[in-house]
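Sequences listed follow chains A and B, in order. Reading the first sequence from the start, the letters are residues 1 to 277 in this note's numbering. Reading the second sequence from the start, the letters are residues 1001 to 1574 in this note's numbering.
FYI, nobody ran anything at the bench for these hints, they're computed from the structure. Ideal Cβ placement from N, Cα and C applies to all residues, glycine included. One should not assume that every hint holds.
Which chain A residues face chain B? A few, computed with CB under 10 Å, are given here [as the list claims (entries may be wrong)]: (1) A63; (2) Y64; (3) R88; (4) S147; (5) A258.
Below, a list of computed lysine-lysine pairs in the BS3-like style, where the Cα atoms sit at most 27 Å apart [said to hold, decoys possible]: (6) A/K15 with B/K1199; (7) A/K19 with A/K186; (8) B/K1431 with A/K10; (9) B/K1389 with B/K1431; (10) B/K1433 with A/K10; (11) B/K1431 with A/K15; (12) B/K1199 with B/K1161; (13) B/K1431 with A/K19.
Residue-level listing of the chains:
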Amino acid sequence: MSAVAPCKLKASDYKSDTKPVWCPGCGDYHVLASLAKSIAALALAPEQIAVVSGIGCSSRIPAYLNCYGFHGVHGRALPLATGLKVARPDLTVICAGGDGDGFSIGGNHLLHACRRNVDITYIVMDNEIYGMTKGQPSPTTAPDWDSSLAPGGTGVSPFHPLVIALASGANFVARSFSGDVNGTAKMLAEAISHPGFSFVQILSPCVTFRPDQREWKNMVHPPPVPFTTDASQAARRVMTDDGFNIGVLYKGSRAKYAQAVAHDDAFEGDFQNEFLV
Amino acid sequence: MSDRPGKSFSVALLGKGGSGVVTAGDMLLTAAARCGLYGLMIRAVGPQIRGGESAALVRLSPAPVECLDDRFDVLLGIDWNHAERMVADFAIDANSIVVTDPAEDAVPQSITASGATERQLEMKALADSVSGGRANMVALGYVAGLAGISREALEHAIAKKLGPKRQESIDASVAAAMLGFSRTQSSEAPQAANGASGKRWMISGNQATGLGALRGGVRFAAAYPITPATEILEWLAPRLLDAGGTLTQAEDELASINMAIGASFGGVPSLTATSGPGLSLMIEGLGLAVCAEIPVVVVDVMRVGPSTGIPTKPEQSDLNAAVYGLHGDAPHIVVAPNSVTDCVYTTQWAVHLAEATQAPVIVLSDQFIGQAIVVADPVAEISFFAKRKLAENIDEAFERYAITADGISPMPIPGTAGGQYTADGLEHSSKAKPSGSSGDHCTQLDKRARKIADFDYGQHWADIEGEGELAILTWGSTTGVVREALHRLSSDVSRKVKLIALRLLLPVRQEEMAAALDGVNRLMVIEQNHTGQLYRLLRAWYELPENVDTLHRPGPGVFRPGEIATKINEWCLE
Ligand SMILES: Cc1ncc(C[n+]2csc(CCOP(=O)(O)OP(=O)(O)O)c2C)c(N)n1
Ligand code: SF4
Ligand SMILES: [Mg+2]
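Turn these sequences into a full structure, and let the hints steer you where they fit.
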């Protein structure tokens, strides 16, 4: 987190003038609103924040904010964010994207980002589909969901991102629903403030290719119990829930990735002496 | 052309893994440096990681050397367990000496067939006579004696290698080495030692690459291990920390290139190092750096490809991948060091170019120059130091991808108020807004092409030596072999030949090349790959003399100077 003086901006001041490409009613609009609210609540200066993403509808989010942004290549948002945060620990680095981007093509990076525990917040807008490429099954899609690419369904069990994040060592694990803008904003502020790698899965409906997801607003519910600091308890809980439990699941206290000392341009160290015979 | 080794002394030390031949080779090189000599060492290991055969191929000379000789004066086997498998690495002849331990198996037939003189040296027995003595030290003493190296230099080298805290093993090693040393009369050595002393460096190409990166201002490196590039990253890891930077180990090369790009977006000059398989994985990331205009340096220490190929041997076969591998029209820079010590200079230059042009630079080193260790003159400091054009006093009208005369647009670093923009692999407008318009696409393509094409690369684009109506064009590690071959030719042949060693492979330098080829009526292109990749690149992009020959063959065996000298001689007389 930045050490600069608090910044008194409204949530709307964090939004850029670029018009989102999203379909009307897409859950990602709400995520954008929540993210802007959360950084306004934290009073972070926009130039001290970098939002880094991959490719997908959800990954378009950086350009819609008035912060520094990086819209990289498909699946590589986490390494991009990791390099930035390690090199520039003074910045607040937020990584964002979709379920295809983060769990499929970028799945390996998720494991290692959790394990490495660099102080970044990772938001996955999960719509259980590849939205941008017009409706193919993703790693979180139900096995019987019918599509052109997988007629009759994939027959493959979905991936359980929160369990994976816990098992891989994420230091903050939560689930939210995009329609709950205030709750999501509060959760994101908490995730950003929590040291180490914070993982937030946001159920964010794709109204175009998954109109059934409009029902999600009636299905989500608060968790029966508050968060835990015991990872195994959190894992057991999330393994057995219905997937619509909203809230912070786990807060850990693992030491974050050791950060580099400040970059020093003036360095003129003498490394050549070691070569003298 | 500088003074070239007329009389050098080459020795191959062979033994099974763990026999310490590489340590002995290292000490021999250090001792030679102490005597004012130059030298080069190649470590050759068999296919197994441990337990297989290993060899140290050492060449000592009164003048700098950049390649192995055609043959070895001495082949010493501590044992001959797996010698057959490495026989191709040891060119020996009737004038060579083969040193063997009578307690070991006989010298294999494939070696005795050369007609070399066999000498017996009881390495094990002599070593056993010293408490803590080892056969490799007896061998070291013996070959040092043959090379005319002084006792003092030998003792210094042993002490330096073993370090101050190991007096007991230093004493044992020196005693064992002296037993071997006293079995030779220095007068019989092919006299390499000239006694001239001066400060010398002992450095590998991979270390030199690391040093060039640090000198150039790199302060972030991302690492995924791969032979033969790992030593660059291992050398950098602690030193980057000392320099106030950092190295992060990535989960794969997809991550390492993107980490480096992320760090560089943050304003910190960044690098990653890999070999062919890793370069393939990094290609999409390199395209992102082109489009988003983020400086980054990727060092590819080339090995034999395709695929896993022959990981421990060199080949200059990643040129096509480096030049043409990116999708879209993606202007970027490809450079190649042409010697072990040139790795310092070329890598530092690469960092400078990346930072100045806000583009990715691929450095094509190779296994030979990367892992060879040389004794050479210290590499002087040069003034290249990463200078990125930063956007600082930003007003309302600021545009991240502004269309400028030189194509380079001032870049705001996160933290700079008012400079917020989204770096993007999507095509964009000058204001960094995603754009699908043909106008924006064309102006941004032009801008990105112009900044690379119009940059002032100065005289660094090639090393040009000699004059003449014949020219040899080469690059990378083959350059050292060609230099020595030219030096060996009779002066009435060599004075007709000009050497052009390309350091800048992309972008092409048509005007400079035309000037360099002015008056040249025949050209020969020499490189180590199967298809003549540089030859084809030259054919596609440059005006060449009517008569162009090509000499190319793949790894794993490196070119030897005699082989090239013969070819050039025939070619000159055609
Ligand atoms: C290397 C590569 N492969 C494939 C694609 C095509 N592609 C673009 S977005 C996408 C999936 C996006 O799905 P998700 O991350 O869930 O984002 P959503 O659109 O659902 O928000 C794919 C496969 C690409 N851009 N790059
Ligand atoms: S396709 Fe789906 S995910 Fe993409 S913008 Fe439209 S609703 Fe949102
Ligand atoms: Mg999706």
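For each hint, the structure was consulted:
With 10 Å as the threshold, the beta carbon of A/A63 comes within range of chain B, its nearest partner Cβ sitting at about 4 Å, so the hint holds. For the restraint placing A/Y64 at the interface with chain B, the shortest Cβ-Cβ distance is roughly 9 Å, inside the 10 Å limit, so the hint holds. For A/R88, the shortest C-beta to C-beta distance to chain B is roughly 4 Å, which falls under 10 Å, so the interface hint holds. With a least beta-carbon distance of about 26 Å to chain B, the hint placing A/S147 at the interface is violated under the 10 Å criterion.
At about 9 Å, the closest approach between the beta carbon of A/A258 and any beta carbon in chain B falls short of 10 Å, and the interface hint on this residue holds. Taking the CA atoms of A/K15 and B/K1199, the gap is about 61 Å. The hint is violated against a cut of 27 Å. A C-alpha spacing of about 25 Å is found between A/K19 and A/K186, which places the hinted pair at or below 27 Å, so the restraint holds. In summary, the hint linking B/K1431 to A/K10 is supported, as the alpha carbons are separated by about 24 Å, within the 27 Å threshold.
For a cut-off of 27 Å, the pair hint linking B/K1389 to B/K1431 stands: about 17 Å separates their Cα positions. Under the criterion of a C-alpha separation no larger than 27 Å, the hint pairing B/K1433 with A/K10 is consistent with the structure, at around 23 Å. Proposed proximity of B/K1431 and A/K15 is supported: the alpha carbons are some 16 Å apart, at most 27 Å. As the CA atoms of B/K1199 and B/K1161 are separated by approximately 18 Å, the hinted pair is consistent with the 27 Å bound.
Distance hint between B/K1431 and A/K19 is fulfilled; the C-alpha atoms sit about 14 Å from each other, no more than 27 Å.
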